[in-house]
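Asker: Here's the letter readout for the chains.
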Amino acid sequence: MTRQEILSELKKVLSPYTLDKEALAGIDENTDLIKDLKINSANLVDIIIDAETKYNIEIDYDAADKMVNVGGCIDVIEEKTNQQT
Amino acid sequence: MIISAGNDIVDLQTIDPARTIDPRFYSKFITGPETKLHSLPQLADMPFAYFVWLLWSVKESVYKFKQRHNPGLVFSPSKIVIEHISLTLNMAGATNGPIEGQGFDEWFCYSGTITFNRHTFYSRSIINSSFIVTVANNSENFGNMYWGVKPIGNSSPGYQSMAVREFILKKLGPVLEANHLNIIKNPSGCPVLYDGSVETIVPVSLAHHGQYVAYAFLFGR
Numbered sequence: 000m001t002r003q004e005i006l007s008e009l010k011k012v013l014s015p016y017t018l019d020k021e022a023l024a025g026i027d028e029n030t031d032l033i034k035d036l037k038i039n040s041a042n043l044v045d046i047i048i049d050a051e052t053k054y055n056i057e058i059d060y061d062a063a064d065k066m067v068n069v070g071g072c073i074d075v076i077e078e079k080t081n082q083q084t
Numbered sequence: 000m001i002i003s004a005g006n007d008i009v010d011l012q013t014i015d016p017a018r019t020i021d022p023r024f025y026s027k028f029i030t031g032p033e034t035k036l037h038s039l040p041q042l043a044d045m046p047f048a049y050f051v052w053l054l055w056s057v058k059e060s061v062y063k064f065k066q067r068h069n070p071g072l073v074f075s076p077s078k079i080v081i082e083h084i085s086l087t088l089n090m091a092g093a094t095n096g097p098i099e100g101q102g103f104d105e106w107f108c109y110s111g112t113i114t115f116n117r118h119t120f121y122s123r124s125i126i127n128s129s130f131i132v133t134v135a136n137n138s139e140n141f142g143n144m145y146w147g148v149k150p151i152g153n154s155s156p157g158y159q160s161m162a163v164r165e166f167i168l169k170k171l172g173p174v175l176e177a178n179h180l181n182i183i184k185n186p187s188g189c190p191v192l193y194d195g196s197v198e199t200i201v202p203v204s205l206a207h208h209g210q211y212v213a214y215a216f217l218f219g220r
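Protein chains in written order, with numbering that gives the first Met the number 0: chain A, 0 to 84; chain B, 0 to 220.
Chain B on its own, in the form it takes in the complex:
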């Protein structure tokens, strides 16, 4: 089983709702059977624009999970097939952030089952009126998957990049009990965690969109 992490964040203040619900837009990455998932009882109350971006977020997270071990992989959202999405009613609803967690057992979240290149993947997404955050995994057990989402005050790419690194490193330091952690993107654009000059085996995933940044990493057995 490959070890990886993949996440995505959608800033809902940044999207164009009118364009989102135009079939010409969403049909570029959502297939007919996937569109029908919106009529599932658990999803029927969700605004269609949120549904569209939820599916985008799931597909992008799965792509990022898979791309770590397939550097040349092209993001083909129509080939990442969302088979099912259900709502898991647990304790906490999300605030506007920052929020962080280990696994999703305590969260009010959407659970997805996805197939891509004959492999099955799983996703967990938290949605509120400000953002959609998703984490993908190749196991239904998210217990060792750490994640976080945080609002930032500046949406320039340079600031987003700096802020998301600062955010994840603040969590990784105490979890890994390491003081010299650093993240460098490899030539294919995948973030790699180093301890000093030594590459670690901890897979990390970073995401930013508009006024939000998010991370995910897998640690522990």
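The shape of chain A in the complex, shown without the other chains:
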């Protein structure tokens, strides 16, 4: 999967947790989940769990810390899925 493909799929993971669909449609690697997408911090763990399920990966404490913006999420998903191959 390319980073662009992961970004496209990531929109589906983030969608249940943001009301700002316009901002979601326009996300790029610098988009901050809380500041830009107005996702409540209480949903950050939901996003990690949903990403784990979607990609069949395990996201540990250190990796989870990076998932504050879209680029960080893509880094983690890319790294963890590559470990499987």
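These aren't lab readings, by the way, just hints derived from the structure by calculation.
The structure displayed is predicted, hence computed values, not measured ones.
Using N, Cα and C, we set each Cβ at its ideal position, and we do this for glycine too.
One thing to keep in mind: the hints can contain errors.
As the list claims (entries may be wrong) - Here are the simulated lysine-lysine pairs, DSS-like style, with alpha carbons at most 30 Å apart: (1) K27(B) - K20(A); (2) K10(A) - K34(A); (3) K35(B) - K65(A); (4) K10(A) - K78(B); (5) K37(A) - K170(B); (6) K79(A) - K184(B); (7) K169(B) - K53(A); (8) K169(B) - K34(A); (9) K35(B) - K78(B); (10) K184(B) - K37(A); (11) K65(A) - K170(B); (12) K34(A) - K27(B); (13) K184(B) - K20(A); (14) K79(A) - K169(B); (15) K27(B) - K10(A); (16) K35(B) - K37(A); (17) K37(A) - K27(B); (18) K78(B) - K53(A); (19) K37(A) - K11(A); (20) K169(B) - K10(A); (21) K65(A) - K78(B); (22) K170(B) - K79(A); (23) K65(A) - K79(A); (24) K37(A) - K78(B); (25) K34(A) - K184(B); (26) K34(A) - K35(B); (27) K11(A) - K27(B); (28) K27(B) - K65(A).
What the hints assert, rightly or not - One-sided and incomplete, this derived list gives chain B residues near chain A with beta-carbon spacing under 7 Å: (29) V73; (30) S75; (31) R117; (32) G188; (33) C189; (34) H208.
Dock chain B against the given chain A, drawing on the hints supplied.
Answerer: Using the frame of chain A, we list chain B on its own:
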């Protein structure tokens, strides 16, 4: 000693209880020793889902307290270690709100002791069937910590943001005896209180979740 304020609110109607008590979920931010705190006699009667969100709320409040002076700080809940939580039996149990207070001496609350980056922090949390509200401090003395929690009728981020500002400014005005207060978030997302165009030294913290908003600020010596 740094001057700051950090708070958090959890709307218990918004959480997913089944997901909350799944170890796959809570183990993302609660460590093994912290999980054992639930068996403390004072906490054993608390539903585990409430316990999980209590710990989340404490960790987030400590992060917000610390982040004011460390703009680049990343929220790493597993590194904010809750050492102990105890129940303080004072006078008042919380209603569904709005409720406001100065310190927690009159409240039925949970007191936490936390370590983070070799520093010790303290928390006070009030829980009822609707919400968990927490305030963090780097002193056990919460006497100058003002706080409030209030239900709102709309959970959109724009409304929450407006409602929490209106709520705290209504309290700050008379306490600071100032008429031109305004809150602006700095580039790192931390709210800063201004009097007209002048930045004040009063640390404020805002929180919203679902149908609730909450504030905390430190004022006075």
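Asker: Now, for every hint given, state plainly whether the structure supports it.
Answerer: Results of checking the hints against the structure:
1. K27(B) - K20(A): holds, 27 Å
2. K10(A) - K34(A): Given that 30 Å is the threshold and the Cα spacing comes to 16 Å, the pair holds.
3. K35(B) - K65(A): holds, 27 Å
4. K10(A) - K78(B): Holds - the C-alpha atoms of K78(B) and K10(A) are around 29 Å apart, at most 30 Å.
5. K37(A) - K170(B): Cα-Cα ~26 Å, so holds.
6. K79(A) - K184(B): Violated. K79(A) to K184(B) sits at ~35 Å, over the 30 Å cutoff.
7. K169(B) - K53(A): Between K169(B) and K53(A) the Cα gap is close to 45 Å, so the pair fails against 30 Å, i.e. violated.
8. K169(B) - K34(A): holds, 25 Å
9. K35(B) - K78(B): The hint holds at about 17 Å.
10. K184(B) - K37(A): holds, 14 Å
11. K65(A) - K170(B): Roughly 37 Å between the alpha carbons, so the hint for K65(A) and K170(B) is violated.
12. K34(A) - K27(B): Judged against 30 Å, a Cα distance of about 22 Å means the pair holds.
13. K184(B) - K20(A): With a Cα-Cα distance of about 23 Å, the restraint between K184(B) and K20(A) holds, given a limit of 30 Å.
14. K79(A) - K169(B): Not OK: K79(A) and K169(B) at ~48 Å, beyond 30 Å, violated.
15. K27(B) - K10(A): holds, 22 Å
16. K35(B) - K37(A): Violated, at roughly 33 Å.
17. K37(A) - K27(B): holds, 21 Å
18. K78(B) - K53(A): holds, 26 Å
19. K37(A) - K11(A): holds, 16 Å
20. K169(B) - K10(A): violated, 38 Å
21. K65(A) - K78(B): The given pair, whose Cα atoms are some 14 Å apart, holds under the 30 Å limit.
22. K170(B) - K79(A): violated, 48 Å
23. K65(A) - K79(A): Given that 30 Å is the threshold and the Cα spacing comes to 13 Å, the pair holds.
24. K37(A) - K78(B): Roughly 24 Å separates the two Cα atoms, so the pair holds.
25. K34(A) - K184(B): The hint holds at about 11 Å.
26. K34(A) - K35(B): Roughly 34 Å separates the two Cα atoms, so the pair is violated.
27. K11(A) - K27(B): holds, 21 Å
28. K27(B) - K65(A): holds, 13 Å
29. V73: holds, 5 Å
30. S75: holds, 5 Å
31. R117: violated, 19 Å
32. G188: Hint holds; G188(B) Cβ to chain A Cβ min 5 Å, cut 7 Å.
33. C189: For C189(B), the interface hint is violated, since the closest Cβ of chain A sits about 11 Å away, which is over 7 Å.
34. H208: holds, 6 Å
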